[in-house]
Amino acid sequence: MKSILGKLWLGITSLVVFILLIVWIFQVGLLNKFYISERKNILINEGKQIAELILNSNQYGITEKIIDEIHSFSSSYNTNVVIANSKSNIIFYSVPKIFVRNNIEADEILRRSLFYLYNDPYIQKNIVQGNIFTVQKHNPAFKDRLIIVGIPIKNKNNIIGTILLTSPLAPIEEASSILRKQLSLISIISLLIGTLLALVFSKTFTKPILKIINTSKRIAKGDFEANVDINSEDEIGILGDTVNNMAVQLGQIEKLRKEFIANISHELKTPISLIKAYAELVMDVDDNEKDRKEHLNVIIDESNRLNRMVEDILYLSKMEANYSNPYLSKFPIINVIEDVIQKLSFFADKKNISINIDIDNQSTEIYADKEKIHQVFFNLINNAIRHSFENGQVTIKVYNINNIVKVEISDNGKGIPEEDLPYIWDRFYKADKSRKRNDSGTGLGMSIVKNILEIHNFNYGIKSKINQGTTVWFEIKKT
Numbered sequence: 232m233k234s235i236l237g238k239l240w241l242g243i244t245s246l247v248v249f250i251l252l253i254v255w256i257f258q259v260g261l262l263n264k265f266y267i268s269e270r271k272n273i274l275i276n277e278g279k280q281i282a283e284l285i286l287n288s289n290q291y292g293i294t295e296k297i298i299d300e301i302h303s304f305s306s307s308y309n310t311n312v313v314i315a316n317s318k319s320n321i322i323f324y325s326v327p328k329i330f331v332r333n334n335i336e337a338d339e340i341l342r343r344s345l346f347y348l349y350n351d352p353y354i355q356k357n358i359v360q361g362n363i364f365t366v367q368k369h370n371p372a373f374k375d376r377l378i379i380v381g382i383p384i385k386n387k388n389n390i391i392g393t394i395l396l397t398s399p400l401a402p403i404e405e406a407s408s409i410l411r412k413q414l415s416l417i418s419i420i421s422l423l424i425g426t427l428l429a430l431v432f433s434k435t436f437t438k439p440i441l442k443i444i445n446t447s448k449r450i451a452k453g454d455f456e457a458n459v460d461i462n463s464e465d466e467i468g469i470l471g472d473t474v475n476n477m478a479v480q481l482g483q484i485e486k487l488r489k490e491f492i493a494n495i496s497h498e499l500k501t502p503i504s505l506i507k508a509y510a511e512l513v514m515d516v517d518d519n520e521k522d523r524k525e526h527l528n529v530i531i532d533e534s535n536r537l538n539r540m541v542e543d544i545l546y547l548s549k550m551e552a553n554y555s556n557p558y559l560s561k562f563p564i565i566n567v568i569e570d571v572i573q574k575l576s577f578f579a580d581k582k583n584i585s586i587n588i589d590i591d592n593q594s595t596e597i598y599a600d601k602e603k604i605h606q607v608f609f610n611l612i613n614n615a616i617r618h619s620f621e622n623g624q625v626t627i628k629v630y631n632i633n634n635i636v637k638v639e640i641s642d643n644g645k646g647i648p649e650e651d652l653p654y655i656w657d658r659f660y661k662a663d664k665s666r667k668r669n670d671s672g673t674g675l676g677m678s679i680v681k682n683i684l685e686i687h688n689f690n691y692g693i694k695s696k697i698n699q700g701t702t703v704w705f706e707i708k709k710t
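Position 84 of the sequence shown, counting from 1, maps to 315 under the numbering used here, and the rest follow consecutively.
The hints are simulated quantities; they were obtained by calculation from the structure and are not laboratory data. A couple of the hints might just be wrong.
What the hints assert, rightly or not - For each label pair, taking beta carbons as the anchor points, the in silico distance ranges come out as:
1) E269 / S415: 22 to 32 Å
2) M477 / Q258: 51 to 61 Å
3) A493 / S534: 15 to 25 Å
4) L423 / K486: 49 to 59 Å
5) K486 / L427: 46 to 56 Å
6) I253 / Q355: 36 to 46 Å
7) R488 / N535: 19 to 29 Å
8) S421 / K486: 51 to 61 Å
9) S421 / I390: 50 to 60 Å
10) V254 / F436: 20 to 30 Å
11) S317 / W255: 41 to 51 Å
What the hints assert, rightly or not - Each computed BS3-like pair below joins lysine-lysine, with the alpha-carbon atoms no more than 25 Å apart:
12) K500 / K524
13) K601 / K637
14) K645 / K681
15) K521 / K507
16) K708 / K694
17) K387 / K356
18) K356 / K279
19) K412 / K264
20) K507 / K561
21) K601 / K581
22) K637 / K561
23) K434 / K601
24) K296 / K264
25) K601 / K574
26) K318 / K385
27) K601 / K709
28) K696 / K628
29) K581 / K637
30) K452 / K438
31) K561 / K708
32) K694 / K628
33) K434 / K238
34) K368 / K271
35) K708 / K637
36) K368 / K264
37) K507 / K452
38) K434 / K448
39) K387 / K296
40) K708 / K681
Even glycine gets a Cβ: it sits at the ideal position worked out from N, Cα and C.
Using the sequences provided together with the hints, build the complete structure.
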């Protein structure tokens, strides 16, 4: 069987059959042996007790106390007791009332059968040797089987006599027959109920699994709105919730993929179109050297922008594919900040923007990938300069908090609308929807920053107010 339904049904049904088989083995197969063993022990113990009473009596006689004990036991356990002396002469025998049947003829038949059994060669041999023995024999009187126990009466090593206790096995055989019939009926009913319950349980168990399978197939075909409706808190319910979460995440990834393709198509198309347009203008320009240079500068600028975009995409893809693990080392943070400011000073000077550094300890060292942290500072400070007003100010604040170095990069530019803040880390997302050509940003800078900080497991965030500026912060570990 390939299906879980069939396997569960077969497994549960097999378990029911196995349990019934065990019950049959113990209740039917071993019942006779257990009963006979218990009956042997009872007869042996009673025989020893009678022997002890005889040994303690006057001249080893059969007293009234002994007779009462024998009759009481004989009636309670449906047992015949025969006592013989050392010369193998039977001096006493008891017959339980159940066998007397208020019939003298039956009593006589039973008495003769006891004498017949007593004279059996095997029994006589053990009596002579003074052994405690047990044997099963056929009862000639009532055509049934008996269990016979022999107990010698010994005074030290002298054999004074023998006690022979016999008990019929017919009751246990009758009980075993009744039990077999009852167990047969119970087994059939249990098997039917077990099979039905196994089928119901199997269907109940596999129903949510089939839902998950069908939903997974829909998700595989691109239907990310597919949902598994399972109201359960067990492992199946957790699996269903996991599939639902997977569908949501895949839907988000698919949405981002489509947006990425749309954005990158637009971002690549713009510089390519400009390069083509200005290249055609260069061809149409006759001897106007000034116009030719302007057109060529536009082509160069757009080519550089296109190159930066491709480099950023490759860099971001490399990090997201986990091909770029951080190379951690210790280094002074001020060195990175000053190097970035030096490289961006040209752009800051063009807008007459001052860059201020506020660091509480010039020798503060951090533990990170120096090249990647350099990229983080470059992207964030470059963004701050680009989005600041002319004659504005960019502030880089660094301060220590226990084993953490917190960095805040602030500008006093136009700010970012509150509804745009959650998306500022996404690829190609721009709070300024105008997409001006003179904006040299690729729309990937903040996404690169996010990925670098996350592979370092650093906390980060952003806060902004319209016309007041923006502050991006992140925390770096010292060790």
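Hint check:
The hinted range of 22 to 32 Å is satisfied by E269 and S415, whose Cβ atoms lie roughly 25 Å apart. Judged by the Cβ atoms, the range 51 to 61 Å given for M477 and Q258 holds: they are separated by roughly 52 Å. At about 23 Å, the CB distance of A493 to S534 agrees with the hint of 15 to 25 Å. At about 54 Å, the CB distance of L423 to K486 agrees with the hint of 49 to 59 Å.
Hint check: K486 to L427, Cβ distance near 48 Å, so the stated range 46 to 56 Å holds. I253 and Q355 have their C-beta atoms about 43 Å apart, which keeps the hinted 36 to 46 Å range intact. The supplied range of 19 to 29 Å is met by R488 and N535, whose beta-carbon atoms lie about 27 Å from each other. Restraint check, S421 to K486: a C-beta distance of roughly 56 Å satisfies the suggested window 51 to 61 Å.
In this structure the hint that S421 and I390 lie 50 to 60 Å apart at CB holds, the actual value being about 55 Å. Between V254 and F436 the CB atoms are about 26 Å apart, so this pair conforms to the stated range of 20 to 30 Å. The given range of 41 to 51 Å is respected by S317 and W255, whose C-beta atoms sit roughly 48 Å from each other. Using a Cα cut-off of 25 Å, the hinted pair K500 and K524 holds, with the two alpha carbons roughly 23 Å apart.
Simply put, K601 and K637 have alpha-carbon atoms about 16 Å apart, close enough for the 25 Å limit, and the pair holds. For the proposed pair K645 and K681, the alpha carbon gap of about 22 Å is at most 25 Å, so the pair holds. Between K521 and K507 the alpha-carbon distance is near 19 Å, which keeps this suggested pair within the 25 Å criterion. Simply put, K708 and K694 have alpha-carbon atoms about 22 Å apart, close enough for the 25 Å limit, and the pair holds.
At most 25 Å may separate the alpha-carbon atoms for a hinted pair to count; K387 and K356 meet this at roughly 20 Å. A distance of roughly 19 Å separates the Cα atoms of K356 and K279; the hinted pair therefore holds under the 25 Å criterion. Taking the CA atoms of K412 and K264, the gap is near 19 Å; set against the 25 Å cutoff, the hint holds. A threshold of 25 Å between alpha carbons decides the hint, and for K507 with K561 the separation of about 47 Å lies outside it, so the pair is violated.
For the hint linking K601 to K581, the alpha-carbon distance of about 28 Å lies beyond 25 Å, and the restraint is violated. Between K637 and K561 the CA atoms are separated by roughly 16 Å; this keeps the pair inside 25 Å, and the hint holds. For the proposed pair K434 and K601, the alpha carbon gap of about 59 Å is over 25 Å, so the pair is violated. Restraint check: the Cα-Cα separation between K296 and K264 comes to about 33 Å, which exceeds 25 Å; the hinted pair is violated.
Pair hint K601 plus K574 holds up; C-alpha atoms about 16 Å apart against a cutoff of 25 Å. Distance restraint check for K318 and K385: the Cα-Cα separation of roughly 14 Å lies within the 25 Å cut-off, and the hinted pair is therefore satisfied. This hinted pair checks out: K601 and K709 have alpha carbons roughly 13 Å apart, not beyond 25 Å. Annotation: proposed proximity of K696 to K628 holds, straight-line Cα distance about 18 Å (limit 25 Å).
Restraint check: the Cα-Cα separation between K581 and K637 comes to about 29 Å, which exceeds 25 Å; the hinted pair is violated. For the given pair, K452 sits about 22 Å from K438 by alpha-carbon distance, which is consistent with the 25 Å threshold. Distance check on the hinted pair: K561 and K708 sit about 10 Å apart at the alpha-carbon level, within 25 Å; holds. Taking the CA atoms of K694 and K628, the gap is near 15 Å; set against the 25 Å cutoff, the hint holds.
This hinted pair checks out: K434 and K238 have alpha carbons roughly 11 Å apart, not beyond 25 Å. At roughly 14 Å between alpha-carbon atoms, K368 and K271 fall within 25 Å of each other, so this suggested pair holds. A hinted pair counts as satisfied when its Cα atoms are at most 25 Å apart, and K708 with K637 qualifies at roughly 9 Å. In summary, the hint linking K368 to K264 is supported, as the alpha carbons are separated by about 16 Å, within the 25 Å threshold.
Proposed proximity of K507 and K452 is contradicted: the alpha carbons are some 40 Å apart, above 25 Å. Restraint check: the Cα-Cα separation between K434 and K448 comes to about 20 Å, which is no more than 25 Å; the hinted pair holds. Taking the CA atoms of K387 and K296, the gap is about 23 Å. The hint holds against a cut of 25 Å. This hinted pair checks out: K708 and K681 have alpha carbons roughly 16 Å apart, not beyond 25 Å.
Consistency with the previously given hints fails for numbers 20, 21, 23, 24, 29 and 37, ordered from lowest to highest.
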